[in-house]
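Peer 1: Now for the letters of each chain:
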Amino acid sequence: MTAQIEITDVQKHYGNFHALRDITLSIPKGQFVALVGPSGCGKSTLLRSIAGLETISGGTMRIAGEVVNDMPPRKRDLAMVFQSYALYPHMNVRDNLTYALRLKRVPKSERYAKADEVAKVIGLEALLDRYPRELSGGQRQRVAMGRAIIREPKAFLFDEPLSNLDAALRVKMRKEVRALHDRIGATSVYVTHDQIEAMTMADHVVVLRAGVIEQQGAPLYLYERPANQFVAGFIGSPAMNFVPAFTGADGRSVTLEMTTQACLPIDLQVASDRPVTVGLRPEHLEICAPDTDGAFPVTIGAIERTGSSCYLFSEEAPEIIIVTDGATPVKQGEVIGLRIRPERVHLFDRESTLSLRG
Amino acid sequence: MSRLLRSLRDGIGFDTLLIILALSYLFVFAGLPLLYNVIISFQRVDVFSLGTLWHPFVGLENYERVFSDPLARRVLINTLIFTLGSVALQFTLGFAAALFFHQRFPGATWFRGLFLAGWIMPGLVVGVLWNWLLSGDFGVINHVLRSMGLIESAIFWRSDTAWSLYAVMMANVWYGMPFNMILLSVGLAAIPDDLYEAAELDGANAWQRFWTITLPMMRSTIGAVLALGVIFTLQQFDLFAAITQGGPAGSSTVAQYWSWELSFREFDFGRGAVISVLMIIVVLFVSLIYVRSTRAETRL
Chain B
2 MTAQIEITDV
12 QKHYGNFHAL
22 RDITLSIPKG
32 QFVALVGPSG
42 CGKSTLLRSI
52 AGLETISGGT
62 MRIAGEVVND
72 MPPRKRDLAM
82 VFQSYALYPH
92 MNVRDNLTYA
102 LRLKRVPKSE
112 RYAKADEVAK
122 VIGLEALLDR
132 YPRELSGGQR
142 QRVAMGRAII
152 REPKAFLFDE
162 PLSNLDAALR
172 VKMRKEVRAL
182 HDRIGATSVY
192 VTHDQIEAMT
202 MADHVVVLRA
212 GVIEQQGAPL
222 YLYERPANQF
232 VAGFIGSPAM
242 NFVPAFTGAD
252 GRSVTLEMTT
262 QACLPIDLQV
272 ASDRPVTVGL
282 RPEHLEICAP
292 DTDGAFPVTI
302 GAIERTGSSC
312 YLFSEEAPEI
322 IIVTDGATPV
332 KQGEVIGLRI
342 RPERVHLFDR
352 ESTLSLRG
Chain E
48 MSRLLRSLRD
58 GIGFDTLLII
68 LALSYLFVFA
78 GLPLLYNVII
88 SFQRVDVFSL
98 GTLWHPFVGL
108 ENYERVFSDP
118 LARRVLINTL
128 IFTLGSVALQ
138 FTLGFAAALF
148 FHQRFPGATW
158 FRGLFLAGWI
168 MPGLVVGVLW
178 NWLLSGDFGV
188 INHVLRSMGL
198 IESAIFWRSD
208 TAWSLYAVMM
218 ANVWYGMPFN
228 MILLSVGLAA
238 IPDDLYEAAE
248 LDGANAWQRF
258 WTITLPMMRS
268 TIGAVLALGV
278 IFTLQQFDLF
288 AAITQGGPAG
298 SSTVAQYWSW
308 ELSFREFDFG
318 RGAVISVLMI
328 IVVLFVSLIY
338 VRSTRAETRL
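Respectively, the protein sequence lines represent chains B and E.
First residue of the first sequence: 2, per this note's numbering; consecutive thereafter.
First residue of the second sequence: 48, per this note's numbering; consecutive thereafter.
Simulated from the structure, these hints should not be mistaken for lab results.
None of these values were measured; they are calculated from a predicted model.
A couple of the hints might just be wrong.
Result set (SDA-like, lysine to any residue): computed pairs, CA atoms no more than 20 Å apart in a straight line [stated by the list, open to error]:
(1) B:K76 - E:L70
(2) B:K105 - E:F89
(3) B:K105 - E:Y243
(4) B:K115 - B:K155
(5) B:K105 - E:Q255
(6) B:K76 - E:A144
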């Protein structure tokens, strides 16, 4: 598989601010890549650098094999869907869709035939003569997508395209965007701050923080083998519990630094008496009797029931969140035991925050 | 009684009161004088009958006398040239300046603000200023043109019948350009950046972005600026008074100046009123365009 977008050691400076550091990323043709991270992490800057709307300060950027460092956006043959949709307010849907073709001097009849075709794909046939101001948020979103696919570009760039939609529509469009990507076999780069969107849509997730790629890989790989504490906490919802601990004398267990000083068995060999941070996913914790072997006790401080599941918040510090079955019969103030399979315990070095699972 | 008070305070009573207040102000201070002006245009008013409210009606006599005046043709052409020329130049220069200051460079907004200095000056002051610049013997303009080798001998801008109108036009363009620039700058700033970015990714070069995004998005602003430009240019009086006084030999007399001359120099208020009535019709028509384009603005 050839790389459609190849980013090597890319840097971006705004004055003294180092917005992107040593970004290296290879996106094969046909892949759906999500750039995810908290706000200000550089994900939008990276996307805009790919688009050419920002010039990079160092490194190389290749699109379909060609170095595009100094190429203006209009020559890069990329399509972008903006967070605001950026539809042309003075043009109706048909003209919005065919604007790029008009610039290429495609004859009108051909242009409009193409618009009809694309409108069918994205379900806008009835709206071709409307103006953007006459459309709902979801419809505008579709026009923005249609405007991108009509061009058959080298790649699609999405800048948080679903963030202005309500929750239900967002879930629906998530599926549609991915289905569209698969149908036209496009290469897509998708920026989002929502890790659920990244996890559900992408083939490859890139987690950024402060201009640095913290980890990249398949969604489930990031979930199962986070490279550091930041990725572990960012991927997964609710977020992973972190408890300070010391490894045991034998290096096969950890002692949690909680009031109860409980000892958890682990499935890997680590140095003894080392300060670590233990990561426990809320959905991996099982409730048992407080005196069970290998379990640690917590007192339930608060309970949130959503019907399908139940979120328990411990009273201890640090707070432990547990996600269980909606029908779990627990009460506030009750002391319960928690256990976890040794292979599901995540260990991070307390200094470097890197995972000890390598 | 309390019901009346309550309706005055909360109900439509209060709204009606506000409307009546605004309307009566407009009627007394704008409507009545306008109406009186229209009536006067059908009456004979001279310096002896000026003191009376009502004057003898003479039908269309004033209109006939205005149109048969040998100066009428000259004034009409002058007014057309002055208005269209001023508006066209103010607009293009203003638009160019607005586009220039729309580029992000240090101090851009500051410099743009400085440009307004010309616009806030009183017209008579601007007129005096341009008198010096335009002066035939020692004016800067002649000096510059001569040192660039563009002219052989001095042009007497204000006293040459071929140049007098354009002398005032030059001053007027300078005077009105900043206003055009500011309004157009506001229009430019209202176009979201992401539209340009989307167009750029769609393959539009700078020229295509200007024609397909900037201009159509500015349509209502442009309509308003042009309409206001025509209205303000038709109101321009100070510059004529300060620079040429309509002369020499009527070569720079425009409608508004002629109207003033007839009324207050020749004390023929009937004919002066005729010209203002004709100008009101033109301005009303232009105002209609202005209102329509600002209405389109709110719809977008």
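Peer 1: Hint by hint, note whether the structure agrees.
Peer 2: Going through the hints against the structure:
1. Using a Cα cut-off of 20 Å, the hinted pair B:K76 and E:L70 is violated, with the two alpha carbons roughly 59 Å apart.
2. With a C-alpha separation of about 62 Å, the suggested pair B:K105 and E:F89 falls outside the 20 Å cut-off, and the hint is violated.
3. For the hint pairing B:K105 with E:Y243, the CA-to-CA distance comes to about 17 Å; that is within 20 Å, so the pair holds.
4. The straight-line distance between the Cα atoms of B:K115 and B:K155 is roughly 18 Å, inside the 20 Å bound, and the hint therefore holds.
5. Between B:K105 and E:Q255, the direct Cα distance comes to roughly 11 Å. Compliance with the 20 Å bound is thereby established for this hinted pair.
6. Straight-line distance between C-alpha atoms of B:K76 and E:A144 comes to about 29 Å, which puts the hinted pair past the 20 Å bound.
Violated hints, in rising order: 1, 2, 6; the structure is consistent with all others.
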